[in-house]
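> Take 5 as the starting number for the sequence shown in our numbering and just add one per residue.
Honestly, I wouldn't trust all of these hints.
[As the list claims (entries may be wrong)] SDA-like, lysine to any residue: derived pairs with alpha carbons at most 20 angstroms apart:
hint, residue 1, residue 2
1, K404, Y364
2, K67, E15
3, K67, V44
Honestly, the hints are just simulated from the structure, not real lab data.
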Amino acid sequence: MDETRVFSVSELNGLIKELFDHTPLFLNISVRGELSNYKVYPSGHHYFTLKDSESSLRCVMFKSSAMHLRFRPESGMSVTAFGRISVFPRDGAYQLYCSALMPEGTGDLQVAFEQLKKKLDEEGLFDEAHKKPLPDYPQRIAIVTSSAGAAVHDMIRILGHRWPMSKVLLLPVRVQGAEAPAEIAGAIRYANRHAIADLIITGRGGGSIEDLWAFNDERVARAIYASEIPVISAVGHEPDVTISDYVADRRASTPSNAAEIAVPDASEQRQMLSSVSIRSAQAMDKRLRQMRSETENLRSRRVLRDAGAYLDDRRIELDHLRDKLGASMESALARKKRDQVRLAAALDAMSPLRVLTRGYAVASDENGRIVTSTKMIRKGSRLHLRLSDGGADCTVESVKEETEA
5 MDETRVFSVS ELNGLIKELF DHTPLFLNIS VRGELSNYKV YPSGHHYFTL KDSESSLRCV
65 MFKSSAMHLR FRPESGMSVT AFGRISVFPR DGAYQLYCSA LMPEGTGDLQ VAFEQLKKKL
125 DEEGLFDEAH KKPLPDYPQR IAIVTSSAGA AVHDMIRILG HRWPMSKVLL LPVRVQGAEA
185 PAEIAGAIRY ANRHAIADLI ITGRGGGSIE DLWAFNDERV ARAIYASEIP VISAVGHEPD
245 VTISDYVADR RASTPSNAAE IAVPDASEQR QMLSSVSIRS AQAMDKRLRQ MRSETENLRS
305 RRVLRDAGAY LDDRRIELDH LRDKLGASME SALARKKRDQ VRLAAALDAM SPLRVLTRGY
365 AVASDENGRI VTSTKMIRKG SRLHLRLSDG GADCTVESVK EETEA
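Make a model of the complete structure from these sequences and hints.
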């Protein structure tokens with residue numbers, strides 16, 4: 005029996021690792037699969053499993069590589085992983101040391117765009133209720149863009165042509181590259197902090213999705229949302245849509261269109277004012293003609309042509325009214341007199357004094373109470389008798405009560 009070399013576990017794992025590390029195919033390999041158990045550890049390293057319907061592969065992406073991810077990997081996402089295959093000697097298990105991830109079916113930037121769009125939309129950054137109206141006649145306009153691009157020159161030219169009364173302030177920033185998002189967001193915050201404008205335009209000319217990516221950055225989106233000054237987003241060409249477009253108070257299809265939206269057209273305003281002036285003059289002329297016609301009508305009236313005749317007519321009317329009023333008053337007085345006589349006769353007929361003339365008298369006691377019953381007096385009571393032509397005081401000598409038959 006031939007003598008066979010015996011390896012320790014560590015030696016064998018090291019030997020296998022060297023085989024992997026020196027095999028060109030395993031040093032730069034691409035693997036397609038579905039992400040599973042994706043976890044990000046506090047160290048910044050990403051650990052996950054790449055699987056298909058039959059197998060799985062352990063993977064790790066170190067922090068230095070994960071920092072370059074432009075989207076957020078999630079379990080269940082189909083991706084292509086790039087990296088190298090090697091062995092972790094401690095466990096004796098091979099795994100993919102991933103250097104990059106690419107979503108299947110679409111680019112990583114598009115995935116990152118959709119993820120950020122969904123996140124900010126759920127937070128309410130796109131709500132119409134938050135969008136501010138643009139000033140009708142802005143006095144100062146701050147442009148946040150590159151000073152070297154054609155876009156800024158187009159905007160300044162159009163703004164100067166359309167509304168030269170506005171002052172244009174350029175806040176030059178980079179609009180492409182890793183430093184661009186921080187510069188754009190910082191310029192927007194600066195404009196608000198120092199209140200240097202009443203309108204902000206931010207954007208750049210057209211380009212690829214990579215060129216426009218600074219305006220898909222979360223920092224820029226949040227700076228636009230927090231701006232107290234209305235913001236117009238003017239990024240790329242008509243088909244290009246960025247996160248900034250969704251957050252801004254107004255989206256312009258191009259930088260030139262942003263300048264057209266920002267200010268009114270002075271020539272159109274002049275035409276409008278001229279039209280208003282013409283209509284005002286026409287209205288004034290019409291009113292003057294009406295007043296002239298009314299004046300002519302008044303001039304033709306008799307009261308203005310012969311004031312004395314007018315007064316004579318009024319005197320005649322006054323005399324007629326005086327006669328009518330006098331007759332009415334005499335008639336009313338006669339009616340009142342007749343009513344008075346009738347009421348006096350009725351009152352006289354009802355007077356107790358009328359009864360006294362027929363031989364009756366009214367007896368009252370010492371307290372002035374009318375005596376109506378024998379029970380109210382007794383022998384010796386002092387009474388006063390009221391007669392038709394005077395009265396008499398007397399003393400009761402006896403009281404007789406009549407009994408019923």
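> None of the hints should be skipped; say for each whether it holds.
Cross-check of the supplied hints:
For the hint linking K404 to Y364, the alpha-carbon distance of about 19 angstroms falls within 20 angstroms, and the restraint holds. The straight-line distance between the Cα atoms of K67 and E15 is roughly 29 angstroms, outside the 20 angstroms bound, and the hint therefore fails. For the given pair, K67 sits about 9 angstroms from V44 by alpha-carbon distance, which is consistent with the 20 angstroms threshold.
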